[in-house]
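Quick one: dock chain against chain with the hints and give me the complex.
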Amino acid sequence: MSLYSRVIKPKSLILGNGKVVDEPRSKAPLVIVLFCIASLISIKITGFDMAVMFSRGGQFLVILRKMVPPEFAYMPKIWQPLFDTIKMSLLGSFVGAVLAVPFAVVASSNIVKNRFVIVFVRLLLSIVRTLPTLVTALIATYIFGLGTLAGTIAIAVFTFAYVGKLLYEEIETVDMGPFEAMQAMGANKGRSFMYAIIPQVLPSYLSNCLFCFEGNVRYASILGYVGAGGLGLILNEKIGWREYTKVGMILVMLFATVVIIETFSHWLRSKLT
Amino acid sequence: MTIQQQKENEPRTWILHLFIALGIAIVLAWSSTTIQLNANESSGMQVAGKILSGIFHPDVDFLFNFTNQGVAYLLLETICIAFLGTVVGAVLAVPFAFLGAANIVPHWIALISRFFVMAIRTIPAFVYGLMLIMVTGPGPFAGLLTMSLVSIGMLSKMFIEAIEDLDIRILESLDAAGCTTFQKIRYGIIPQLFPNFASTFIYRFDMNLRDATVLGLVGAGGIGAPLIFAMSSYRWNEVGAILTGLILLVLVVEYFSNKLRNKLTRG
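If you read the sequences in order, they're chains A and B. With the numbering used here applied, the first sequence covers 1 to 273. With the numbering used here applied, the second sequence covers 1 to 267.
Pulled out of the complex, with its shape left as it was, chain B reads as follows (with noise of 0.2 angstroms):
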């Protein structure tokens, strides 16, 4: 009996269910109008088999060749253009980050801050690519300011948390020892900032070395522009040997990233 009646009362949501599927098939329907199927299939498996078969047969000697123009080194530049870019970025951050802190400043810079911050992550990596080609011309130091750049806005983002989530109770109890300002920020303040900068700085690398490639487009340096050339003249052995130090790269790192990562949060 009171199981029936436990049935009975449960609340009739199907009506409120029926709504939101309906809106979501609505909104797919509109959004598949977008996709115009072009007749090439043919040739478009073809394209397919051919970067298959690339991959799996990547070109060996340039793989691993050592020097300036092989995959080794590019991926070298590559990671150095990711890690240089975020040190920027993350230097950058920091007073975003303690701008946009609502517990820290008053509520209306932080306000402005964010949406400062918002503006600076909405312009696409190549745009600031092409910006920033003027200041330092083609190369890598293009690419680096663009990553720090780009990267600006996560970062900030992490570190806000991080900082609103401050213990303010430890510095309290700092206060009552009597210590000083400095010996505040040193025990009371890093400490608790520095395993979750460092935990963010960390991930946004591992992003960042991903996010890489988009900086060959705009000739900002790294392995993006070779792979793009190698794709536009259907090299695809080459393809397939640039993509395959990519992915080894990016599971490396993404293995000791994780690693570090756990290490840093679980003390």
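Next comes chain A alone, as it looks inside the complex (with noise of 0.2 angstroms):
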């Protein structure tokens, strides 16, 4: 009997035959009662407050207005930032996932068979995921100086944690059996494994990698605001110069960008499967 049951106590039934059945208490209420008490203790720690939400809401959209028209005559300068900004999602992309292969092979638990090995590529695996890009960012910038190569750094950093952990995940669901045959034949570690889980784990592989690369995109255009080059440091530069029809343009070439590449990536992805 769990926990739960001991302290709140299961309906008993009595069935048409005499039985008694017990019948465990819905969580729901408990649930319920948690989920308020944590919403109140955030509200009054955030300050939430619906009155300013109603009289001052218009304000959110004074911004946006000055946006439209979006500036169309600024849009050639917006090509170099813009082309940077993906270039660095994709070479970040690319070498975290080149660089992600190793450490999942030597993460998963049914190629591998140290436990303390396996233990510690995970818990360096979930540590430099824990870590938010825009923070990879700014360290790397300190560290390479400002410029495109920082951005690519942090993505790379990003990506090669996501898409290592994904990756061990699936290698571990892999059907075991062509591996262990390729063994019985005689071939060695290496050989089964490419021949026997490579070819289970690659779609999925490069699946996840194209949609970590879409994502990559939209971080990479914040990045900038740190100094680590692309869209983000002209856009902050115009904010913060209030140049509102020019974020405009900035955000309407962003998104355009942002729909292509997902198209595209989300076409080559259900090739894929």
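Please keep in mind that the hints were generated in silico from the structure rather than gathered at the bench. Please read these numbers as outputs of a predicted model, since none were measured by experiment.
Straight-line distance between alpha carbons at most 30 angstroms, and here's what the computed DSS-like set of lysine-lysine pairs gives:
id: 1; chain 1: B; residue 1: K259; chain 2: A; residue 2: K11
id: 2; chain 1: A; residue 1: K27; chain 2: B; residue 2: K184
id: 3; chain 1: B; residue 1: K259; chain 2: A; residue 2: K27
id: 4; chain 1: A; residue 1: K9; chain 2: B; residue 2: K263
id: 5; chain 1: B; residue 1: K263; chain 2: A; residue 2: K11
This is how it looks when you write it as structure tokens:
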């Protein structure tokens, strides 16, 4: 009997033949109460105020309205940073995804039998994954100087941790039959991995990489805020100078790029599966 | 003999593979043109060393300081922003989800709604932050609203998937049993959607906790601002303390969130 049913007694039902059945009580009331308490604490700490929302909500649209219509004359100056952003995320995703492979192999418990190694690599992957991309980018700007290199590295680090985790989970759920068969035929571990495991995980690995790349284009557009190159740089600058029509143009172009990349990657991923 | 025949029947894909490899190589070469190597490698290594030593020797007083200025309070504030932000975001995402589900509304409405959600998702978080500070003034309240706006995209996308996977036969059988509309929603729809929605909510909360550091940039509360101040004034021990706290918090939350979501999906 679980702890919950020991504290809150289950309801006893007597069936027609005299048998007694225990029906555990619903956990909904407990969850709702906990949820309300958490919400109340959060409201108190963050100073959430409905009245402010309603009275000043219109202010939200003020900047948005100033962005319309976007200034099309500014477009030629956007191409360069836009391509920087795309290049940063492309290269970063590629480097991160390739680096993730050996780590993911070492972290999967059906390939490596050493517990210590597995736990160590997994811990490394989770710690790297907890670092927000922006913080990584900020640290990278201190180490590698301002510019696109820092942004690329931040994206590579994030991709590494993200793809690495998904890949080792993928490898662990693979059908081990072919692997064992190849080993029984006398192939060594590397060869069996190459021909038995890789064909099974490759499509989902590629699809994860593409998905990560999609997200990275969005992330890369923020990284300029900390000086790590790309679209964020001019976005930040134009917001600072309150040239909102130019900000609007940047956002429109970013949106178009994201739509194109997502459609393309969606199409590729549907081909993969 | 048969083995050899099979071998000969193997499709010749090497030309295709060559083209793919060539394409990838070209794209990579193109994208690496953006990297300019700066010459300050040595000072960079020094900074890296200092950051590492700061992370391994965090400012313990700062880390275990439970007043308004300490890491513990900042983390609590971040949790609250992420939590309430996710709640508000989820509430806002539900109508978008129902409008975007192709099995509920006509196809063109679903398309428009999805397009709109995509537009919301593309605007970077700090632009929202700046816009919302006009509404509420700087502070965690603005951060909360920013978090809820940036969560709408993913939340409504996952909700849409859950809604499109609804098993209609259950509703039909409830209909056949003579249930009212309310009963159909209560016993036919909510039990199907709730585990999915709850698990999406928890996952997004997990992500928001990480992304909440972005908010600090624009002065919208949370742990981001002190982190960036500490970095720009080279107080690496403080940076270490904040990062340690953040990493521990995210790991703990992730552990529980995985456990809860496993429970929700497996019943």
